[in-house]
Amino acid sequence: MSTSHSEPVASVEVAPSARKAIAPWRRLLSAFLESKLAVVGLVGLVLILLVAIFAPWLSPQDPFDLTQIDIMDSKLPPGSESYTGMVYWLGTDGQGRDMLSGIFYGLRISLTVGILSGFFALIIGTSVGLSAAYFGGRIETLIMRIVDLQLSFPAILVALILLAILGRGVDKVILALVIVQWAYYARTSRSAALVERRKEYIEAARSLALSTPRIIFRHLLPNCLPPVIVIGTVQVANAIALEATLSFLGIGLPVTEPSLGLLISNGFNYLLSGRYWISFFPGLALLLTIVAINLVGDQLRDILNPRLQR
Amino acid sequence: MRPLMYALSGVFTAAALFSAPVSAADLRVALSTEPTSIDPHYHNLSPNNALATHIFGSLIEQGPTQELQPGLALSWKPIKDDTWEFKLRQGVKFQDGSPFTADDVVFTINRAGNVPDSPSSFGIYTKPVKEMKVIDDHTVHFITDGPYPLLPNDLSGIRIISRKNAEGATTADFNSGKAAVGAGPYKLVSFTPGQSIILEANPTYWGEKPQFDKVIFRPVTNPAARVAALLSGDVDLVDGVPTADIAQLKKNPAVSLDDAVSNRIIYLHIDSDRDVTPHVTAKDGKEIKNPFKDVRVRKAISMAINRQAIVDRVMEGLAIPAGQLLPKGFFGVSPNIQVPKYDPEAAKKLLAEAGYKDGFKLTIHGPNDRYINDAQIVQAIAQMLSRIGIDTAVDTMPRSTFFGRASKLEFSLMLVGWGSGTGEASSPLKSLLATYDKAAGMGPSNRGRYSNKEFDETLAKALVTVDDAAREKLLQKATEIAMADVGLIPLHYEVSTWATRKGFKYEGRSDQGTQAMGVSIVK
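Protein chains in written order, with this note's numbering: chain F, 1 to 310; chain S, 1001 to 1523.
Check before you lean on any hint, since a few could be wrong.
Stated by the list, open to error - In the DSSO-like style, the derived pairs of lysine-lysine whose C-alpha atoms are separated by at most 30 Å in a straight line are:
1. 1438/S - 1127/S
2. 1473/S - 1438/S
3. 1214/S - 1505/S
4. 1349/S - 1453/S
5. 1283/S - 172/F
6. 1293/S - 1357/S
7. 172/F - 1286/S
8. 1127/S - 1178/S
9. 1408/S - 172/F
10. 1473/S - 1461/S
11. 172/F - 1361/S
12. 1133/S - 1080/S
The hints are simulated quantities; they were obtained by calculation from the structure and are not laboratory data.
The following block holds chain F by itself, in its conformation from the complex:
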């Protein structure tokens, strides 16, 4: 009974703030800024995104253009100069590719793969999860058993099998990652929706004879979003790490267009020989990216989680 009592109170609280449209965002922003660490993460993430977006203009070399890289410049240590006078600030890899350019372009691929696969998985997973919760019954049982089945396999295993079948390419990696990830979103959104479904505003919407899609997407979805957003940030970081793992294992992306994982994998062969830079710098870039995303994600979770709200 107590929950149903608190409901109208909550809606009363929301109603006035809804009039000043910016207010909840401003509240969230100030809550977010409370953590210095999260701010550092956000700044780092923005910088990384900018580097990734503007990679073609920032990079001294196009590392995917085979005519621009020269095997005779391979394995040069950081700070070396090519015979054309270009300085390899972070050294070169086994093919003579400038590591700095390689990392910039690699970030681009890693982030594209992470964000796009996360985005599509979110859309598909959330739709499925909300539908399952809303309709209930057999549909729900069926969908949730599929989700359980998928989650019982390790993500890396499923992705390996899928890529073995699909072949190489950025699009295929994204597809594989979407297939691996949608179940997380489905499960999260369903559990959030199960709670929301029983609340009065859904009943009110139903009694107004609104269409089912409208109820699901206009009423149910917005109220289930916070946990999904949190899962989303964590999953983007996971997707990037998973893509790097797949590339490290030698499947996924073509070798001439290396992502961060592939750069690390190439350099791994040279670790014992003292040419640390070939895998160290891409590894560092990957680490910083994932840490930045996680810092932002953690703070989002804290401020969006009603239980932790003071």
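Starting from the known structure of chain F, arrange chain S on it as the hints suggest.
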């Protein structure tokens, strides 16, 4: 960072595996490639053959550079145009104490080519034998279809098993050890796939007494883990030392290295047969005629490749630029063939002459876990081809998928390697360049379907020429024809490297095999 962690943890677990104490007269070996079976006739693969040499003897054995030496046969000679007489060693006993006789030889030859589900059959070696006659317990006659001078080379690839122990035995019976009774210097103790192969000395071995009481082979496929295991003293010998680490290891006084020029040529096979080839298009993506049918295009590609740069930068000096199929010193190598000169300008001109002034689009394929630095070589070649205007993409894959697809002719230009099991030139000529003919056993690995009548005739003549000098001339001529026609593009000969811990020394082999018999103890 996660993948790096996985890999590092792999290094540590691999190191932990080796910490069991062993006595001084034991030899511990880390292998880069695990043998797929104990059955010596199941899979014609270098690691399998090297292991089988420990347990089973051959009629004729191959020395470090594959020179033929008496083994279970003391002598062999042709007594008629179509008959070879083999005299067997007397008083040899199998590891179970039963005597070795001519009957075991007949049993072995009949079985070797007929093992069910063999991924790579020994039939290529037993096919020439039409009939066998047992003259007495220690004399066998091999009847061939007409003169067949290469019979000793072929039979050196077949390990002898005992009829008493292996009659009706399956590959699984060999793996369990039940049928794995041979006349070699070491006996099988246990075979645990993915973990270890343990051998012990055979006290009744007919030859030189085995050096070690016990030999333990462990597969360690990760190169870094292999080197780490050696450096920590957990193994005494490793093969497949990664080229990147060699400079560092040379400086280490606790390690000694030995290398040997191998019989393995790394080359590009070119689809020079089909009118349209799957991975070549015009630059705008439109389908075009297969440019590789034009010898000028094949030549241009060969000239565009800087073999010395690949050897220096990718192989770190541990390879020899190649212009034909076997390095100097092997039987049938032509003294007249030079390594193709690197000349991108001339290559561009040749392409223009052939009507490809603006180049075309190409995907080049290769394995990424089979040959030394294979994936990197493919990328370096892609760079070089891009420079003469051929837009080259690279697709590398694990060997488990690569070889199946290559044999189904799914590729246009591919990186492959070939080790001459017989240690002379007819092996690669027959397998890689002869016109594909399944029934005749010619061109079984001719994945570019190269076909040249003059070449086929010269080779066929060579294969039936008994006189060594005349046969060598014919093999050289056949090689010259195929190379002038660019039937395939040779890149380099692999140099294989072994590393041993202080106190041991390994004598490298041209067949890339890792054998306990090649290890000596140094004080």
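Each hint tested on the structure:
A C-alpha spacing of about 13 Å is found between residue 1438/S and residue 1127/S, which places the hinted pair at or below 30 Å, so the restraint holds. Our distance criterion of 30 Å between C-alpha atoms is met by residue 1473/S and residue 1438/S, whose separation comes to about 27 Å. Restraint check: the Cα-Cα separation between residue 1214/S and residue 1505/S comes to about 17 Å, which is no more than 30 Å; the hinted pair holds. Of the supplied pair hints, the one linking residue 1349/S and residue 1453/S holds, its CA atoms being roughly 28 Å apart against a limit of 30 Å.
For the proposed pair residue 1283/S and residue 172/F, the alpha carbon gap of about 23 Å is at most 30 Å, so the pair holds. For a cut-off of 30 Å, the pair hint linking residue 1293/S to residue 1357/S stands: about 16 Å separates their Cα positions. Under the criterion of a C-alpha separation no larger than 30 Å, the hint pairing residue 172/F with residue 1286/S is consistent with the structure, at around 23 Å. Only pairs whose Cα atoms come within 30 Å are accepted, and residue 1127/S paired with residue 1178/S is accepted, the gap being roughly 28 Å.
Between the alpha carbons of residue 1408/S and residue 172/F the distance comes to roughly 24 Å, so the proposed pair stays at or under 30 Å and holds. For the given pair, residue 1473/S sits about 11 Å from residue 1461/S by alpha-carbon distance, which is consistent with the 30 Å threshold. This hinted pair checks out: residue 172/F and residue 1361/S have alpha carbons roughly 22 Å apart, not beyond 30 Å. Restraint check: the Cα-Cα separation between residue 1133/S and residue 1080/S comes to about 14 Å, which is no more than 30 Å; the hinted pair holds.
Checked against the numbered hints listed earlier, the structure breaks none of them; every hint is satisfied.
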